[in-house]
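Participant: Read off the chains here:
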Amino acid sequence: MKRSRATRILAPVIALGLIAAACGSDDDAEPADTSAVEETDSTEAAEETDTTEAMEEGDDTETTEAMDEGDDTETTEAADEGASGEFGGEPDADGVYQIAAGVTIDPADCPSDWSNTAGLEESIKIGMSLPQSGALAAFGALGDGLQAYFDYVNENDPIDGKLLELILADDAYDPARTQTNVEDIIETDEVGAFSWIVGTANNGQVRPLLNEECIPQLFNSTGLPAWGDPANYPWTSGGLLAYSTEADIWCGHIVDELGEGATVAGLFANNDFGASYQSTVEACEGIDLVENITHETTAADISNELTTLAASGADAFVLGSTGAFCPQAMAGVAASPWEPLVLISNTCNAIGSFFAPVDPAGQGVRLVNNNKSIGDTDTGDEAITLWRQILEDAGIDPDSGSASTGVIFGYTLEAVLRNAAALPGGLTRTNIMSANYNLDFQNPLLLDGVTEILDGVNDSYLIEAAIIQEYQAPTEEGGVGTYTDVSDLISVEGETGTFGG
Amino acid sequence: MSLLTVTEGSPRHRTVQVVGFLIAAFVIVAIPFFFDETWEFHPPLITGSFTIGMNQILTAMAWGVAILGLNLLIGFTGQISLGHSFFVGTGAYTTGILMVDYNWSYLSTLIVVVPSCFLLGMAVGIPALRIKGLYLALVTLVLAVIFPTLVRLPGLAEWGDPPKGTRGSNGLNVDADFDPPAWFPIDGLSDFFQGLPLIGSIFGEGELGRRAPERIWTYFLALTIMIAVFWMGWNIVRSRVGRAFIAIRDNETGAAVSGVNVPLYKTLAFGLSSAFAGVGGMMYAFAIGALAPDTFGLNLAIFFVVGLVLGGVATFPGAIIGGLAIVLIPELSSQWATENTSLFGLEVTGDRPYAGVLLGAFLIAVTFLLPGGIMSGVYRLKRRLITVVPTPPKGAQIAPPSSATNADDDGSEETNPPSVNDAEPVQ
Amino acid sequence: MQLFLARVIDGLSNGAAYAAIALALVLIYKATTLINFAQGSLAMLGGFVTYVFASEQGVPIWIALFISMLLSGLLAAGLERTLIRPFDPSDHLPLVIITLGLLLGIDSIAGVIWRNDPRAFPGLFPDGDVFTWGTTTLRWYDVGVIVSVLIMVALLELLLNKTKIGLAFRAVSSNLESSRLVGIKVGQTLMFGWALAAAVGTLAAVLYISSPIRQIEPTFMLRVLIFSTAAAALGGLDSIKGALIGGLIMGLLQAFFGYLSGWSKEWSWMPEIGNELNLATAFIVLLFVLLLKPAGLFGTKGIERV
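Protein chains in written order, with the numbering used here: chain A, 41 to 541; chain B, 270 to 696; chain C, 34 to 339.
Please note that a few of the clues may not be correct.
[Said to hold, decoys possible] Using 27 Å as the maximum straight-line C-alpha spacing, the simulated DSSO-like pairs for lysine-lysine come out as follows:
#: 1; chain 1: C; residue 1: Lys63; chain 2: C; residue 2: Lys197
#: 2; chain 1: B; residue 1: Lys401; chain 2: C; residue 2: Lys326
#: 3; chain 1: C; residue 1: Lys195; chain 2: C; residue 2: Lys298
#: 4; chain 1: C; residue 1: Lys63; chain 2: B; residue 2: Lys401
#: 5; chain 1: C; residue 1: Lys195; chain 2: C; residue 2: Lys218
#: 6; chain 1: C; residue 1: Lys218; chain 2: C; residue 2: Lys298
#: 7; chain 1: C; residue 1: Lys218; chain 2: C; residue 2: Lys197
#: 8; chain 1: C; residue 1: Lys197; chain 2: C; residue 2: Lys298
#: 9; chain 1: C; residue 1: Lys298; chain 2: B; residue 2: Lys433
#: 10; chain 1: C; residue 1: Lys274; chain 2: C; residue 2: Lys63
#: 11; chain 1: B; residue 1: Lys401; chain 2: C; residue 2: Lys274
Calculated directly from the structure, the hints in this document are not laboratory data.
Owing to the predicted nature of the structure, the values given are computational and were not obtained by experimental measurement.
This is chain A alone, in the form it adopts within the complex:
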């Protein structure tokens, strides 16, 4: 014992001594990225939960001819912006790029071997890390949808004469793997930009890296307000409606429908996604939160929690969770005598994944939505027809779930890329960020009036409008459910400014 104890102590001491002698001052760890801190502070932090839908903004909408029209207007808009010469294009006299209002990029901050056109010269390479396996594997279809849209664009009207190339990597929603995926993609594939990476923690993990490497991190698929911070992170932007805004809309709606003092029971996932909903609902004035429960995210069974909630008999039930918990909650409420007004997270809006398995339990369930529904085939909206066509051509069932949302993402990304290509200097990384933070685009798959407008630090959020919709279960066997509008468009476009300083 004595000998082994001695050697136990000796070995590390020697090792420590050797290394300490060698190291000097290299050991200082940088403080954790403050963005991570901000994320946990910010009550707005939403997005987590292991549901696949978490990233979707809504169902895909129609886009056929509307897109072509949109293209023309985009390019003319872009040309206008480029012509004004105010943002984008060449760097100014100090070599600094003026990206957007209050946003600049100084290439001196970038690595010595950085190239503004890497990954954009022969083809347009876009990287994406998302959960293709594990509990949130349903979100993997987002990548399929995006790829389907890329194929469509490449065939019909390539951007800047170059083909779009999508490089996907599975991270099973594990931020550690997102990090390694992004590192590996940067090394091996030399992408021009990353887009629509899924998950709050996942994006948070790679934001410092991508900003250091000066590679665009576009449209994070999470509703965390911290992404709208171009002054500090000019290479990052967010892509979804903030969860806090969503929960605020819930509050407003409950008060409108049920009056002041309405009782509310809430079930929230035990992570930042659920926490953002939870804290906003807790802070909501005008309602009486009588039951407030968090549940674990790892194993899908909330029967006990549902019992407690049902027993409260509250007037309304809000669900700040996602994934398998959505159908369970809906089925649970339907199977009990409790009849509250039910509001669930927008992340569960893919009918195919979350409502269909429990039809007709979802009848009457409401949620905040901002995109068109791909199942609305009888409205004659050409955008929806094209939407379905794009997916079918890629061999994907349009009603199956997240793939349709991938197409919505594609439109927005395309708008940015086309705008960037029209700026002086053409398709470069800085121009992409410029196009991003000066975007003014009506995505044909989003509801009318839901605009994608960004203006540097004056308006750093992509989507700030939504509508409340109610699910209608299919009336016949094998049919597909639809949404009906139960509110007007609620828009805070341009009002949410930018994040922090």
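Starting from the structure of chain A, add chains B and C where the hints point.
Facilitator: Here is chains B and C on its own, set in the frame of chain A:
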């Protein structure tokens, strides 16, 4: 009959040992210069290309250390623990929090990680005394399952102002600068490897990439820690403590009757294995830098056991092989699946699905065919090449060499391979 | 009071499901003193096979269940014969490894074949409630599950105590060598034990997942497995009765955890115990039981002869 027979201690034996050591040292030093960029390779027969990078190597090293700890517990003391990821995760998060929130340097975190994981392991070991065999496996299994939940506890995720803690579901980003110090001849070594005849070209050309020096230095730091840990483990196993462990494993009652303080050593086994696990976690934290609660759950705990068995229970190099196996098999099968998205007409997206099947299949295959793990296969091979014969006492007859096994230079003594080796068909 | 009753119903209903899986674990343990870590995975597979027959092939649910129980029994017997038999039953490590390998493999395969989307599972029992009192309901499903498990326990006790094969089973589980000497076909009996356990597991999985609240997806048995192993250990790993009681207790504990969570929010001296910790209850219960009564409530104490 082997190719070469040497007598222990003879000059020839020494030569063989020295040569072996030099080769091993060369390979070990060459590795980071080979992997300084991700290595893309195309194996014959299998379609598609695969890449392996430093990230995988470093993770394998960290997991190798963790598996060594598990080996002490399962391989040498015979206690079944399915909760090893709990201790690895504790070490990783402790390091992460200390580095990120309190600005400690990564080495000084050892001062906290090792004793705290050791004590934690002892704490688990004490109730474990009353629980035997499979019940113990159950309890430790639950440990692994609840670790992610514990990481997410609001009290642990965030405390104080400015907020410190595990960051719960957000994950903890451990960002540390590891620029090599001036005295480390990194460019010199790079040039050396590139200049080697015949094989120089595999080390790439020209200057090191921008991120390479940091990665290479990280590798050497991790390597130093790994060597230190392995050395300690080796010493533990050869000491009284180690012998007590083995005695308990082989016959607990017999050991007790022979005067071994069974409760003490069992608890100690838990403590030591957790301390090693903590160091493994610490290596993971500073080398990979991205911590998330679900990384250290049941899946990883099962993988550790898998790695242990695949590598070889109660062997030392087996721990490294195990670490490599549990990193590379899922990773490479992933990459294969990305290119081959359908299998027997089923569409397969993502990559992890194959990981479980392959690991499970390998596990079962190994248990049947090579119960001592891959290392036992390696030893068998080695015996074909070279046999070391003990020095006969003066004047004695030299008996014809039989299949003698002996310590070789990387020091992996097959100390009584456990009963996995002796599996006999039962009717 | 309504809430109390609702919780009791909830607890018994879930508890019955845990008890059913615990029964499968106990059966294997009795026969081989081995804990089959792959039990949950096998049961999950059984559930999916039932789903395939019932939902995709249109077979009536009870028949689909029956077929799937047979199939899983056959599969398990095959596994026992090929993977388990070759090993010395007293040496635990290789057998644990094998079952872990099966767990990994089966979970993977299920994930590949069926992906992760939740799907509706046909109900075994009529929809609707037996009675409703305010916000509390007793569904036909709850009654069905509890009654089914009770019947299962009774049948198993009957099988083990009153039939020839049950006798053989008990003999083999108490002393393998002697049974062989006496002429009992040990191999067949072991295969039978595994097959029975698998069939019970499949039944349990289907009972659990056919709830109107739940949808089937490949990870559904994971949580059940944790609680069931705790239940089996609580009741005593070699006691059928113990599995039943243990399962019901675990179910009730889990349901009543909500009270604890609620009180912790009201009483400021208590740290807030979030609902997400109810998984930890499994752990705490297990630990307590094993510390105080290592053989579980109804298990037989092991005696070591020196």
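Participant: Decide, hint by hint, whether the structure agrees.
Facilitator: Hint check results:
no.	hint	result
1	C:Lys63 to C:Lys197	17 Å, holds
2	B:Lys401 to C:Lys326	12 Å, holds
3	C:Lys195 to C:Lys298	52 Å, violated
4	C:Lys63 to B:Lys401	16 Å, holds
5	C:Lys195 to C:Lys218	18 Å, holds
6	C:Lys218 to C:Lys298	59 Å, violated
7	C:Lys218 to C:Lys197	12 Å, holds
8	C:Lys197 to C:Lys298	56 Å, violated
9	C:Lys298 to B:Lys433	24 Å, holds
10	C:Lys274 to C:Lys63	13 Å, holds
11	B:Lys401 to C:Lys274	22 Å, holds
Hint compliance for this structure: hints 3, 6, 8 are not met, and every other hint is.
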